[in-house]
Amino acid sequence: MIEQLESIRERFDEVAQQIVQAEVVSDPKRFMKLSKEYKELEKIVQQYMAYRQTLTEIENAREVIATEKDEEFRDMAKGELDELVPRRDEQEAILKEMLMPKDPNDSRNIILEVRGGTGGDEAAIFAGDIFRMYQRFFEKMGWKMTLVDFTEGSSGGYKEIVVEVEGEDVYGKMKFESGVHRVQRVPATETQGRIHTSAASVAVLPEAEEVDVEINMNDIRKDTFCSSGAGGQSVNTTYSAVRLTHIPTGLVVQCQDERSQLKNFDKALTVLRSRLYEIKLKAHNDAIASQRKTMVGSGDRSDKIRTYNYPQSRVTDHRIGLTVYNLPAVMEGDITQFIEQLRIAENAERLKEGAGV
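Counting in our numbering, the sequence shown runs from 2 upward without gaps.
There's no promise every hint is true.
[Said to hold, decoys possible] Cut-off 20 Å, straight-line C-alpha distance, at most; resulting in silico cross-link-like pairs (DMTMM-like, lysine to aspartate or glutamate):
hint	residue 1	residue 2
1	44	98
2	145	333
3	40	170
[What the hints assert, rightly or not] Label-pair distances were calculated between CB atoms; the ranges are:
hint	residue 1	residue 2	range
4	324	157	27 to 35 Å
5	33	95	24 to 32 Å
6	8	341	53 to 61 Å
To be clear, the hints were calculated from the coordinates, so they are not data collected in a lab.
Cβ atoms here follow ideal geometry from the backbone N, Cα and C, with glycine treated the same way.
Hey, can you work out the whole structure from these sequences and the hints?
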């Protein structure tokens with residue numbers, strides 16, 4: 002492990018020198034790529050430096066115990082050792098986790114799709130609540146969100162809404178949100194005060210690049226139509242909205258958020274490419290799932306993953322059995338605890354695999 006960490010430290014030093022060079026600064030793509038690598042390596046190197054310091058302190062304490070004749074000094078060194086050894090073990094565990102091969106998609110941006118499921122108007126309202134929850138979370142993370150397409154519900158919320166989200170490690174943090182989110186509450190449309198159960202489905206797609214999925218433009222049918230979204234008269238009276246149909250798969254994507262037909266076409270193509278990539282990714286994940294069943298699930302959009310119970314202010318993630326009683330905070334975007342616990346569960350499974358358990 003030390004050899005691996007040393008090579009990472011050397012690479013970090015190389016990147017630190019390259020990133021300030023004039024030819025790199027003047028090349029936005031290269032600068033962005035190196036900046037991203039610098040941030041990723043910096044976390045590991047900082048942890049490694051702290052670990053090395055702990056190892057040095059352990060060595061010094063053991064030397065005092067072995068050579069010092071003064072009993073008081075030896076007792077002090079023993080006390081330090083009792084604190085240092087658990088710290089070393091903890092730092093080792095963190096470093097092992099950091100050195101584990103990452104999902105190559107974790108650093109990608111995403112296409113997020115939220116749709117009202119069973120439950121009629123209440124499902125659309127809940128889809129709107131779920132989308133707002135994610136919107137608040139994105140704001141806290143400092144991520145950029147761009148609207149692609151939406152259809153509003155007749156009583157509020159959304160029948161469906163599609164957005165693009167850009168930032169650091171977006172897919173890595175959001176990938177476990179795919180699935181069916183269920184709500185139990187008295188709907189605003191309910192006159193008898195009865196608790197209803199309805200659902201919204203969430204799909205988190207890693208944004209695909211051209212090198213990931215080749216699209217033959219002859220396989221795409223393009224239709225244009227007047228936007229129905231809130232964009233002003235000029236949007237609603239011009240054929241700026243774009244609908245793309247991928248003939249081989251039957252996938253249909255549309256975008257009406259931009260005033261420019263060309264921009265809507267580019268956004269729709271990005272979503273289409275990501276959906277095609279999701280199909281490719283699902284086939285890969287299904288092949289892995291046939292060998293083992295993961296605790297956190299496959300990320301399939303049909304999996305029931307979480308229940309939001311309003312009467313009890315309770316949110317339960319069914320994959321890891323985590324329940325919290327702070328539903329208002331969760332609906333304001335405080336979902337970090339779920340994300341962290343799901344990532345821990347995934348890492349624990351990967352460690353078991355690596356150990357051959």
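Evaluated hints:
1. 44 to 98: holds (12 Å)
2. 145 to 333: holds (17 Å)
3. 40 to 170: holds (11 Å)
4. 324 to 157: 27 to 35 Å: Because 28 Å falls inside the window, the suggested range holds.
5. 33 to 95: 24 to 32 Å: holds (27 Å)
6. 8 to 341: 53 to 61 Å: Roughly 29 Å apart at Cβ, these two residues miss the hinted range, so it is violated.
Figure legend: structure checked against the earlier numbered hints; the only hint not met is number 6.
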